[in-house]
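Modelling step: build the complete structure from the supplied sequences, incorporating the hints.
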Amino acid sequence: MSLLYVSIANRLLTYLRILVLQGFILFGVTYLTLTHINTANLIFIMLETIVFKAIAVPYFINHVIKRNGITREAEPYLPNFVSLIIVTLIFVATIILSNSIKDTNLDKTYFVVALSTLFTGLYLIVSRKKIITHVIGYLIIENGVFILSLAVGNEMPVLVNMGIMLDIFASVLILGVFFNKIGDVLKNPDVNLLRNLKD
Amino acid sequence: MIIGIFLIGTLLISGGLFFNRNTVVNYSFLVIYLALLWSFCIHELGVINSTQLEFFKPDSLGILLLLTIGVVSIPALWHGYRYIATHEENPKSRGLFFTAMVILISACAVAYISNHIAVIWIFTEITTLSASALIYHHRNIRALEGVWKYVFICAISITFIYIGILFLSLSIKQAGIEDLSFDSLYANASTLNPFWLKLSFLFIFTGFTAKLGLIPMYTAGIDAKDKAPAPAGALLASVLMNVGFVGIFRFYAVIARTPLLPWANTIMIVAAVLSVFVATVYMTRIKNIKRMFAYSGIEHMGLVILGLAAGGIGTYAAILHIVLHSFVKPSLFFQFNQIYRVYQSKSIYDVGNYFKYNKAGAIAILLGFISATAMPPSGLFISEFLIFQSLFEAHYIIILLLVLILLTMIIWGFGSNIFKLLFTPPMQIDETQIPRISPWESLSQYLLLGLAVYLAYAPPALFVTLLQDAVKLIP
Numbered sequence: 082m083s084l085l086y087v088s089i090a091n092r093l094l095t096y097l098r099i100l101v102l103q104g105f106i107l108f109g110v111t112y113l114t115l116t117h118i119n120t121a122n123l124i125f126i127m128l129e130t131i132v133f134k135a136i137a138v139p140y141f142i143n144h145v146i147k148r149n150g151i152t153r154e155a156e157p158y159l160p161n162f163v164s165l166i167i168v169t170l171i172f173v174a175t176i177i178l179s180n181s182i183k184d185t186n187l188d189k190t191y192f193v194v195a196l197s198t199l200f201t202g203l204y205l206i207v208s209r210k211k212i213i214t215h216v217i218g219y220l221i222i223e224n225g226v227f228i229l230s231l232a233v234g235n236e237m238p239v240l241v242n243m244g245i246m247l248d249i250f251a252s253v254l255i256l257g258v259f260f261n262k263i264g265d266v267l268k269n270p271d272v273n274l275l276r277n278l279k280d
Numbered sequence: 025m026i027i028g029i030f031l032i033g034t035l036l037i038s039g040g041l042f043f044n045r046n047t048v049v050n051y052s053f054l055v056i057y058l059a060l061l062w063s064f065c066i067h068e069l070g071v072i073n074s075t076q077l078e079f080f081k082p083d084s085l086g087i088l089l090l091l092t093i094g095v096v097s098i099p100a101l102w103h104g105y106r107y108i109a110t111h112e113e114n115p116k117s118r119g120l121f122f123t124a125m126v127i128l129i130s131a132c133a134v135a136y137i138s139n140h141i142a143v144i145w146i147f148t149e150i151t152t153l154s155a156s157a158l159i160y161h162h163r164n165i166r167a168l169e170g171v172w173k174y175v176f177i178c179a180i181s182i183t184f185i186y187i188g189i190l191f192l193s194l195s196i197k198q199a200g201i202e203d204l205s206f207d208s209l210y211a212n213a214s215t216l217n218p219f220w221l222k223l224s225f226l227f228i229f230t231g232f233t234a235k236l237g238l239i240p241m242y243t244a245g246i247d248a249k250d251k252a253p254a255p256a257g258a259l260l261a262s263v264l265m266n267v268g269f270v271g272i273f274r275f276y277a278v279i280a281r282t283p284l285l286p287w288a289n290t291i292m293i294v295a296a297v298l299s300v301f302v303a304t305v306y307m308t309r310i311k312n313i314k315r316m317f318a319y320s321g322i323e324h325m326g327l328v329i330l331g332l333a334a335g336g337i338g339t340y341a342a343i344l345h346i347v348l349h350s351f352v353k354p355s356l357f358f359q360f361n362q363i364y365r366v367y368q369s370k371s372i373y374d375v376g377n378y379f380k381y382n383k384a385g386a387i388a389i390l391l392g393f394i395s396a397t398a399m400p401p402s403g404l405f406i407s408e409f410l411i412f413q414s415l416f417e418a419h420y421i422i423i424l425l426l427v428l429i430l431l432t433m434i435i436w437g438f439g440s441n442i443f444k445l446l447f448t449p450p451m452q453i454d455e456t457q458i459p460r461i462s463p464w465e466s467l468s469q470y471l472l473l474g475l476a477v478y479l480a481y482a483p484p485a486l487f488v489t490l491l492q493d494a495v496k497l498i499p
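Just so you know, the sequences run in chain order A and B. Numbering follows the working numbering, with no gaps: position 20 of the first sequence is 101. Numbering follows the working numbering, with no gaps: position 104 of the second sequence is 128.
Careful: at least some of the hints might be erroneous.
Computed far set for chain A versus chain B, every beta-carbon distance over 10 Å [said to hold, decoys possible]:
no.	residue
1	T116
2	N119
3	N122
4	I136
5	T169
6	A174
7	K189
8	V193
9	K211
10	V239
Here are the computed distance ranges between Cβ atoms for each label pair [claimed, not checked]:
no.	chain 1	residue 1	chain 2	residue 2	range
11	B	F219	A	Y140	35 to 45 Å
12	A	N180	B	E417	42 to 52 Å
13	A	T120	B	A211	29 to 39 Å
14	B	Q368	A	V110	17 to 27 Å
15	A	M246	B	I458	17 to 27 Å
16	B	E202	A	V173	27 to 37 Å
17	B	P401	A	N180	58 to 68 Å
18	A	V239	B	Y478	40 to 50 Å
19	B	Y478	A	N180	52 to 62 Å
20	A	V239	B	S74	20 to 30 Å
These are computed hints drawn from the structure, not numbers from a lab. A virtual CB, placed ideally from N, CA and C, is assigned to each residue, including glycine.
Right under this line is the structure:
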């Protein structure tokens, strides 16, 4: 559901709320899914989802938006209605795709949700102008990947931990180091300004 | 055990480099690091094919690339020293530069010999981190743009590799194994679920192309090599590409043990031919010398993957090619730094008559050009010739013809720029401003180019044995 909303959302603050919402949903899903792994690991994973995905990263992005005075419009390239249609198409396509897979090892719900989140994130990246929305799109992709890792998480908790590493890595790298600097060097955070490197 | 010592040593040295402000102490740290790196290489050569710390196993391919990084890192650090000295950097940015170099070299070195796909993945992440610090060295808006694109595309590719690993874990679940190390994957390749394996190959291949520099993720690397200081660009254009190669090679070796091999070959050939094509398009019209070198790397990686996909003698040629390329390309990047010091520009319109200003450097550029375009005295000629032979034997005649035509155009584009740089008088240049550059600074380029020729025409027995063992990884 939140994905449909993200496709038509216009204001950056809405994106952040969606990220927070997804963080909490993931927190719940983690608790319900990972029943077979040991408690310490479960607590660690759940702590990570709630702290990183739902609180720290959205808060940080909010901070960046305020500090750099980014306008609140999301500035999509396409009208909202088209976005809505495209995201719906992504949903339908992933459902059809997952029904064509005959494999008992995989829970289809996770697969559908994960893939559609992933593609919606990619779509967000290509269809929005601002750098900060690219970052949000990337974070949505990560949420999708996290769901996918939960699908195999009971047998291989190592993989979920790896996913968390990826999370922390990306958050630290993309947000922590550079976005502060981008604000300093670049007063207008429009992706079109980063177009000088070409041949 | 030794790997642990090596990693801890790297951490200590990089920490020392980062926090220390004293010039002499800093450079002695670098010398200690090189000694550590080389003793690590030699030790791993001694314990070849033994599993260490559970996740690492230096097989012959790993050892070959490890020795390569050992050779390349000496001139890279030395040119890094020259670079910092001529730019009069403050101690803080110098410390960060060398810290990032040291971490990058170590992460690449360990990634070569890891025997577990997740471990390669982790070290690939670390290379992204350290490379981005190097690209952002100059802290201006262009560098920021380069580093932003690099980080973003690498982050997406790393996510792709992770998705690939997840699919792989689904695939091995059906086979009833739980071990993701390459040894166990090789042993159980035939029992893996082909559907998930296919998906997994697609994602992992796409993810590693960001490091290797192929279609579709090659774009990040070009900006990175352009914006990073030339000694760092040399590392990004050689040893870091080898990390991508190792990732793809090891996973391809799993695929090669399954019936999916022809399918994977098709994908790789498509990606490789498109890469050579893209390189041709840019090389024939490019005006920025450093980016031209970077695109030349795209072309070579396309050829390597073609050789790998063609199989037979092609595998041997691909590994030979990637080793020799890691000697040739850095020498061009090292020399570029001196060109920049003469003309203060990267554009082909501002340079010219290089023979007049730096004879030794001009000869190094000429030899580098001959090597990089694989003309006969060069070592790459042998490996490229073998790749073409393997394509011919595998009956990819049309692809062979196409690639040959594209390569001819690349030589034309490359050559016209290089000869403009070497012989045509520049439009306007103030000759009093030009610094004198010691011919000794070109020595390492000669040595690297000479090494590439030597290894191709009169290879030592150890080198041949390692190469042949590495080929056997693919059945």
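Taking the hints in turn, this is what the structure says about them:
1. At roughly 17 Å from the closest C-beta of chain B, the C-beta of T116 (chain A) stays outside 10 Å, upholding its exclusion from the interface.
2. The Cβ of N119 (chain A) sits about 16 Å from the closest Cβ of chain B, beyond the 10 Å cut-off, so the non-interface label holds.
3. Taking the minimum C-beta to C-beta distance to chain B, about 16 Å, the non-interface status of N122 (chain A) holds against the 10 Å cut.
4. Under the 10 Å C-beta cut-off, the non-interface status given to I136 (chain A) relative to chain B holds; the minimum distance is some 21 Å.
5. Every beta carbon of chain B lies more than 10 Å from that of T169 (chain A), the smallest distance being close to 23 Å; the non-interface claim holds.
6. The Cβ of A174 (chain A) sits about 15 Å from the closest Cβ of chain B, beyond the 10 Å cut-off, so the non-interface label holds.
7. For K189 (chain A), the condition that its CB be more than 10 Å from all CB atoms of chain B holds, with the nearest at approximately 13 Å.
8. The Cβ of V193 (chain A) lies farther than 10 Å from every Cβ of chain B, with a closest approach of about 15 Å, so its non-interface assignment holds.
9. The claim that K211 (chain A) lies off the interface holds: its Cβ sits roughly 13 Å from the closest Cβ of chain B, which is beyond the 10 Å cut-off.
10. Residue placement check: V239 (chain A) does not keep its beta carbon more than 10 Å from all beta carbons of chain B (closest about 7 Å).
11. Separated by about 41 Å at the C-beta atoms, F219 (chain B) and Y140 (chain A) satisfy the suggested range of 35 to 45 Å.
12. Judged by the Cβ atoms, the range 42 to 52 Å given for N180 (chain A) and E417 (chain B) holds: they are separated by roughly 43 Å.
13. For the pair T120 (chain A) and A211 (chain B), the beta carbons lie near 34 Å from each other, so the given range of 29 to 39 Å is met.
14. A hinted range of 17 to 27 Å for the beta carbons of Q368 (chain B) and V110 (chain A) is inconsistent with their spacing of about 57 Å.
15. For the hinted restraint 17 to 27 Å between M246 (chain A) and I458 (chain B), the CB-CB distance of approximately 50 Å leaves it violated.
16. Checked against the hint of 27 to 37 Å, the pair E202 (chain B) and V173 (chain A) passes, with Cβ atoms roughly 35 Å apart.
17. A hinted range of 58 to 68 Å for the beta carbons of P401 (chain B) and N180 (chain A) is consistent with their spacing of about 60 Å.
18. Remark: the range hint 40 to 50 Å for V239 (chain A) to Y478 (chain B) is upheld by a beta-carbon distance near 44 Å.
19. A C-beta distance of roughly 59 Å is found between Y478 (chain B) and N180 (chain A), which places it inside the suggested range of 52 to 62 Å.
20. Separation of V239 (chain A) from S74 (chain B) is about 24 Å and conforms to the stated range, judged on CB atoms against 20 to 30 Å.
Hint compliance for this structure: hints 10, 14, 15 are not met, and every other hint is.
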